[in-house]
Amino acid sequence: MENIANLMHGFSVALTTHHILLMFAGVLLGVLVGVLPGLGAPNGVSLLLPLTFSMDPVSAIILLTSLYWGALFGGSTTSILFNIPGEPSSVATTFDGHPMAKQGKATEALAFAFLSAGFGALAGVILITLLSGWVAKFALRFSSPEYFAVYFMTFASFIGLGGASPLKTIVSMGIGFTLAAVGMDSVSGNVRLTYDFDVLLAGVSFLIAVIGLFGIGELLLTMEEGLKFDGVAAKVRIGDVLTTAAKLPRYWVALLRSSLIGIWMGITPGGPTAASFMSYAMAKRSSRHPETFGKGDPEGVIAPETADHAAGSAAMLPMLALGIPGSATAAVMMGGLMIWGLNPGPTLFTDRPDFVWGLIASMYLGNVVAVIVVLATVPLFASILRIPFSIIGPVIVVICFIGAYTAASKEFDIWLALVFGLVGYVFKKLDYPIAPLVLAMVIGDKAEDAFRQSMIFSQGSLRIFWSNPLVATLMTIGLALLFMPLIGGLVRRLRGRGAPRTV
Amino acid sequence: MITRFWAETVTAVATMAFGLVIVKGALEFGIGWDSSGPQPGAFPFYVGALVALASLGTLGLTVGKQFAGDLALRKSVLDHEQARRVGSFLLPMAGFVILSVTLGMYAATILYLVFTMRFQGRYGWPATLVTALGTAAFFYLALEKFFQIGLLKGPLEPLIGL
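First to last, the protein sequences are chains D and L. Residue 1 is where the first sequence starts when you use the working numbering, and the numbers rise one by one after that. Residue 1 is where the second sequence starts when you use the working numbering, and the numbers rise one by one after that.
Bound conformation, chain D alone (with noise of 0.2 Å):
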């Protein structure tokens, strides 16, 4: 009951007519950026982050919240409208959402994704509401060693469950990590892995990784498949959207089990994307005509819309309650928690509970305003995109360098975001996971910190990650999802090849 009362007081904080214009702005900005190809949630933020330095920090992440609230909107409206996945976590809702659209019912399908969305979310953002106290309360008895052992356990499930080749998985985290080295070490003061250029002291930030590697790697990605757009024309009326909303009801058990998904893979590092594909493979295996999938069934679009905003809201979670980030987005806020001058994790909700609690409320309420802006423009936003590339593309490139600029005004960051933006797009191109290394950019320091203090404990013991049940409990699950591949691998060659997975 204890978290009831925080979260009225929480409303109290958010609903303030400075904070609901924001979320507007917010997820009209957030619309914009989802919809736009080589702009999404994590881009959106990076790019708006050095806005909000000046801000006051309940303000500022009401602003980047409901920012990727609507760029998760802006994302599935394009895939269902031009088949054109605006984020990677919307491209499971282009199998059946296009078709619906191509098929007449580009409203339905809209309707669809929305509010099966704003389900999603409303579903996440329960769970914090519910749990993270409890979390926050149960991680206060975290110390250095606990604390390592969960950052091992966060990029053990990124190898052992990314889907990505494990061996490039971990080039992709080791650079994070040794990017996050560069510059000024926080345990001995010392100056590192500078290779004598003054330009490296600061460091390198991770707002222009993730502008390059999203932004730019995706422009240059969306320029080499020659990129048409070819949609579908949509006006949404409030009477169909009525009509859809009746039907919701039909699909509980889809809304439910795309929800609960969404919620795990949220917590656990999995993210958006790989929640959404899931439970798109669910919903079509439990389904009692999977025949139909693929072809505009409103099961199709409903079940990976709505673990995809309930990943990106549970996401929020341990990024609040441990301080790490669930998402390639909710790394980069935590990132602006940190540049705020919060300290991400348990003790934020003893120390700023005005924080913590404003913004989930104002997670339940922008919510509730994207779902209703973005049924309002999304016309509006269907045109931008007629608008040709050969405009839009260079443009996207202007906000994107000068995103890079204004991080920290230094000269070297705009060269620095052309090179990460080649760097994105091989890697891209040769499927190395990229979310890795931005986690381990923004987390890199931390967890060292962490590794380095158990170690100034234990004398140099590797020892202590075993020291009592809580930490021989995390590092051993990190450590079997660390071999999770091979064990799958073993067991699946001791059955003998078994039948093939469909998705």
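The hints are simulated quantities; they were obtained by calculation from the structure and are not laboratory data. Quick caveat, the model's predicted, so the values are computed rather than measured. Yeah, the Cβ is synthetic: ideal placement off N, Cα and C, and Gly gets one too. Treat the hints with care, since some could be wrong.
As the list claims (entries may be wrong) - Derived lysine-lysine pairs resembling DSSO-like cross-links, with alpha carbons at most 27 Å apart:
1. Lys428/D to Lys75/L
2. Lys65/L to Lys428/D
3. Lys247/D to Lys295/D
4. Lys247/D to Lys105/D
5. Lys429/D to Lys65/L
6. Lys410/D to Lys102/D
7. Lys75/L to Lys410/D
8. Lys145/L to Lys410/D
9. Lys295/D to Lys105/D
10. Lys75/L to Lys65/L
11. Lys429/D to Lys153/L
12. Lys295/D to Lys410/D
Claimed, not checked - Stretch by stretch, here's where chain D covers chain L in the computed footprint (C-beta under 8 Å, at least three residues):
13. 65-77
14. 156-162
Dock chain L against the given chain D, drawing on the hints supplied.
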């Protein structure tokens, strides 16, 4: 045409080189133990070594698969048409970066958009100029006036009194 095999190989060698550069840089700061615990180079040393090893692993896998006749590695990752499209986007973008650091970001924005729209997109002069100047003006008003954030400026802005 670039095949997947070469792209994978070159990337793996590059990441391996990156890992080794980090290892070398970390060695300068000591990777052992001193009064304050592990020395500053220790963590980067092991991470760099891990990157190099994992890259070596990818390299080994790629070469192994190539000898085993894996067809996926023979496929093209970048054909002529794709290379042309990427190049026609990448080169003006690099030009934009060079102009940004020499002439300032506003001048670079205008020149870059004029080039891409007029000479690549074949739009008329009026549409081109409206878009280019409009974009630059938008950023000027939004950043310098509203958010009070200055962008990189070059020798041209003082001439028109900004």
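Open item on the list: When I compare C-beta atoms, does the segment 65-77 of chain L have three or more residues closer than 8 Å to chain D?
Closed with: Answer violated; 1 residues pass the 8 Å Cβ test.
Task: Restraint check for Lys75/L with Lys65/L, where alpha carbons must lie at most 27 Å apart - done: holds, 13 Å
Task: Straight-line alpha-carbon gap Lys65/L to Lys428/D, limit 27 Å - done: holds, 21 Å
Task: Restraint check for Lys75/L with Lys410/D, where alpha carbons must lie at most 27 Å apart - done: violated, 41 Å
TODO: Take the C-alpha atoms of Lys247/D and Lys295/D, compute the straight-line distance between them, and say whether it is at most 27 Å.
DONE: Holds - the C-alpha atoms of Lys295/D and Lys247/D are around 19 Å apart, at most 27 Å.
Task: Proposed proximity, Lys75/L with Lys428/D (alpha carbon, max 27 Å) - done: holds, 16 Å
TODO: Take the C-alpha atoms of Lys145/L and Lys410/D, compute the straight-line distance between them, and say whether it is at most 27 Å.
DONE: Holds, because 20 Å separates the two Cα atoms, which is no more than 27 Å.
Task: Straight-line alpha-carbon gap Lys429/D to Lys153/L, limit 27 Å - done: With a Cα-Cα distance of about 35 Å, the restraint between Lys429/D and Lys153/L is violated, given a limit of 27 Å.
Open item on the list: Can you confirm whether the C-alpha distance between Lys247/D and Lys105/D stays at or below 27 Å?
Closed with: OK: Lys247/D and Lys105/D at ~14 Å, within 27 Å.
TODO: Would you check the hint for Lys295/D and Lys105/D, treating anything up to 27 Å between C-alpha atoms as holding?
DONE: holds, 12 Å
- [ ] Take the segment 156-162 of chain L, compare each residue's beta carbon with every beta carbon of chain D, and decide whether three or more fall closer than 8 Å.
- [x] violated (count 0)
Open item on the list: For a C-alpha distance cap of 27 Å, please report whether Lys295/D and Lys410/D respect it.
Closed with: Violated. Lys295/D to Lys410/D sits at ~50 Å, over the 27 Å cutoff.
Violation of the numbered hints given earlier is confined to hints 6, 7, 11, 12, 13 and 14; the remaining hints are satisfied by the structure.
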